[in-house]
Amino acid sequence: MYNARILLADDHPLVLESVKQLLEPEFSVVGTAKTGQEVLDEAKRLQPDIVLLDVNMPGMNGFEAARQLKSLLPAVKIIFVTMLTEAVAVSEGFRAGAMGYVLKQDAADELYAAVNSVMANRRFVSSKLDMEVREAMECQWSRPEGYTTNLTERQRQILAMLANGSSTKNIAKELNISMKTVEFHKANITRKLGVRTTSDLIRVALASGMTAL
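Sequential numbering from 4 applies to the sequence shown in the working numbering.
If you're looking for bench data, these hints aren't it; they were derived computationally from the structure. Fair warning: there could be bad hints in the mix.
Each computed BS3-like pair below joins lysine-lysine, with the alpha-carbon atoms no more than 27 Å apart [stated by the list, open to error]:
1. LYS183 - LYS195
2. LYS107 - LYS172
3. LYS172 - LYS189
4. LYS73 - LYS107
5. LYS47 - LYS107
Treat the numbers as computed from the prediction; the structure is a model and nothing was measured.
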């Protein structure tokens, strides 16, 4: 079986060493990086099959590093290994070009499976993430680009606020409109997007990147 060549990226030396021990000897760890720029430099030099990438790194964060990596090396496969469990972070990771998302605290249980999955061109999402987060990712992969572009600016604004956890009451207060008006917009949004519940709306918003970290 082909021994995948892996570049590790994390700003904590102990994490790098721990992950390396988890992967070897089944996989070949060809290098490490501690900053976003180092990731790009080392990936260009080493030409790895997979980059395991943290989100929070000095200088350039992991999302931006992933975008630049995919531009520099389109064939490289990226797996985020991070502490971030929020749906918006997971969504941003996949939108940045990742094929896998593993939680650091569960790396010992899931990293081997994640590497094998992405090497077989299959996405991997940690089973330890909330069901709603994983469903949002399925939505992200199944919806066509521009899925929400038929919404009005106000409807997109309300959808994004829902995804960020705002209640109908808070949205009405923030936008200086009545709660009845917010509910009217929600009804029109669900009709346009072909969904039924607020949870469905939130999944669509996350899938479309309509939130901010």
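Each hint tested on the structure:
The straight-line distance between the Cα atoms of LYS183 and LYS195 is roughly 19 Å, inside the 27 Å bound, and the hint therefore holds. Distance restraint check for LYS107 and LYS172: the Cα-Cα separation of roughly 36 Å exceeds the 27 Å cut-off, and the hinted pair is therefore not satisfied. Distance restraint check for LYS172 and LYS189: the Cα-Cα separation of roughly 13 Å lies within the 27 Å cut-off, and the hinted pair is therefore satisfied. The straight-line distance between the Cα atoms of LYS73 and LYS107 is roughly 23 Å, inside the 27 Å bound, and the hint therefore holds.
For the given pair, LYS47 sits about 25 Å from LYS107 by alpha-carbon distance, which is consistent with the 27 Å threshold.
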